[in-house]
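Protein chains: 2
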Amino acid sequence: MFENAGRTEISSLGEFGLITHLSKNFTIQNNTQLGIGDDAAVIEPTQGLHTLVSTDLLVEGVHFDLSYFPMKHLGYKAVIANLSDIYAMNGKPKQITVSLALSSRFSLEAVEELYAGIQLACERYQVDLIGGDTSTSKQGLMISITAIGEANPTEITYRSGAKVNDLLVVTGDLGGAYCGYQLLEREKRVYLDNPSVQPDLAGFDYIIERQLKPEARKDIYELLKTLQIKPSAMIDISDGLASECFHLGKASNVGFNLYEEKIPIDPTTYNFARELDLDPTLCALSGGEDYELLLTISQNDYKKLENHPDFTIIGYASEAAEGMHLITKSGNKHALKAQGWTAF
Amino acid sequence: MFENAGRTEISSLGEFGLITHLSKNFTIQNNTQLGIGDDAAVIEPTQGLHTLVSTDLLVEGVHFDLSYFPMKHLGYKAVIANLSDIYAMNGKPKQITVSLALSSRFSLEAVEELYAGIQLACERYQVDLIGGDTSTSKQGLMISITAIGEANPTEITYRSGAKVNDLLVVTGDLGGAYCGYQLLEREKRVYLDNPSVQPDLAGFDYIIERQLKPEARKDIYELLKTLQIKPSAMIDISDGLASECFHLGKASNVGFNLYEEKIPIDPTTYNFARELDLDPTLCALSGGEDYELLLTISQNDYKKLENHPDFTIIGYASEAAEGMHLITKSGNKHALKAQGWTAF
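Going line by line, the protein sequences match chains A and B. Each step along the first sequence adds one to the number in the numbering used here, with nothing skipped, and position 144 is 144. Each step along the second sequence adds one to the number in the numbering used here, with nothing skipped, and position 105 is 1105.
One chain only, chain A, in its complex shape:
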């Protein structure tokens, strides 16, 4: 889509000119002493807090399809995916670095769009862009982001803290991003078969937004403090609920029993999945990219989030030997399989 816009070659700016140009609208706040422009950025750690570091790699044709993914949304989502990892540690993201490899197919205008999305995410989540590197690539676009955050060491939430009988809790609803992906892929196929057909996206705004413009759960990070809940374990849902349950279970040495009827699924997600003959529960279990948080809490904390609209209790931790199970709506107990999305 961007190939038709006014086109300036990236090579006309050069590597250093490009970084300077793209980062000129970003402002530095937080505990950043020096951002882009030297051999390294300088951060003054907040006394008493620990530093959190997470990194993610997005590859065109593997993680995203630019035929329907606008560059600005891609920039925004790439940042969100990283911030989500910091929130999943019960920490606050403060800085990011962004490295890009770009083939000659990308114009300066396209990269500016990508950075506009990165900037929007930085502003909304109060994060500083402090560094990065850019290079040509032989083919396609690759984005590598590292997020840096801070947390009080007593509040950091690991994957490994879940105890038997802890409640398994999920934020928001699941499966929407995956259904949005299926919808966009469907419309892409329709368009490729007949370019004169307009895409039929009416009524599906919610799942499209879940795919193209997800948010990280900054509000949950704040809410947990307000509710005075420290989860015993936490992880973000980037690869699907089932896969994340296995990660939590393995790190904490527990099993989980999940109740299918409790898994929160938005009506739009549900209806679209049914339209495509997909099982909505399977979309939630294996879809991924929802960037919700999956946490375990002590039963003592149950009252603190009972009936809270942002949290749903979907199960509980069992002995590790019991394994992972889904209790279906019909009352059957099935062994859970981790069929999360994989980049290989």
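Among the hints, erroneous ones may be present.
Here are the in silico distance ranges between beta carbons for each label pair [claimed, not checked]: (1) A:Q33 - B:E1209: 33 to 39 Å; (2) B:G1323 - A:S104: 32 to 38 Å; (3) A:T20 - B:L1227: 30 to 36 Å; (4) B:I1028 - A:E155: 57 to 63 Å; (5) A:P199 - B:L1201: 56 to 62 Å.
Quick look at which bits of chain B chain A covers, simulated, 3 or more residues with Cβ under 8 Å [to be verified]: (6) 1028-1041; (7) 1044-1055; (8) 1058-1064; (9) 1093-1104; (10) 1138-1147; (11) 1163-1170.
Below 25 Å or equal to it, Euclidean Cα-Cα: the simulated PhoX-like pairs (lysine-lysine) are [what the hints assert, rightly or not]: (12) A:K188 - B:K1138; (13) B:K1024 - A:K250; (14) B:K1262 - B:K1329; (15) B:K1262 - A:K24; (16) A:K303 - A:K230; (17) A:K138 - B:K1188.
Calculated from the structure, these hints are not laboratory results. Every residue, glycine too, gets a C-beta built ideally from N, C-alpha and C.
Given chain A, work out where chain B should sit, using these hints.
Using the frame of chain A, we list chain B on its own:
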């Protein structure tokens, strides 16, 4: 070269299995509280120190050629390039994250070799591998590394601190990595023309090592403390002496006069450049990848490093309006051009 070794498909391990497998031999030291295995790594900052962050992206076919670059050396060099940036801030690197995008052409054995090089660098430079991400790529190999270090805020050396009349100092010698590159490229062409011809690398060990297995100047970081020198400005030489002079000059608002006869060039570099009809001085000015340090010091510190074998005074800072000049061996004064290596 690695295509002939025993071949295990990466997909047989899956994304998480791959990361676990590759990182299993790494040990954590330093101030890392938690390395690979959760949503984010956890670092306990050393009280009173600031955090330094630098990131670099290496793309096959742009930054390296695997037809003569062994995977183990590539892993080592990729880490070195990042650590060099931390030393250039007068800081001590402590952690790295490594993200890889790999096409299906790469076997597990090839990636193990890459990680063997990364591990060797981590051990030699006492750096912890704390995270990373892996993905398939449509074509080729991409390596994104972020290095994290620490420094006393009063000792951090920026590009911006050089003053008029400060001495311009370089460590080690220059142009070797570029000549090593030229040599390897020449032998590659010979081989492609006639695969039965053995490469003629005899006597050129030094420049090959400068290209394939560079080191970061950890020793200079330590030496500056011993000599009680705080440079007024510092940068590492990754893109060539001329380009780095322009970076320092621009950030510090000074010009520089460089003396051609003072630029340290190893005899192997000199002789090879002459053999190829290249100007050895130009190799030093524009070659890059030497990972030496370029620093400015107050004239008051002159005695501290006078005649020290690791340092060479090559010029001095002038008023910005005077610009950048090279005073040639014949006594002529030429305006310096920044013809550093660029990834675009």
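* Asked: Against which earlier hints does the structure fall short, listed by number upward?
  -> 4, 11 and 15
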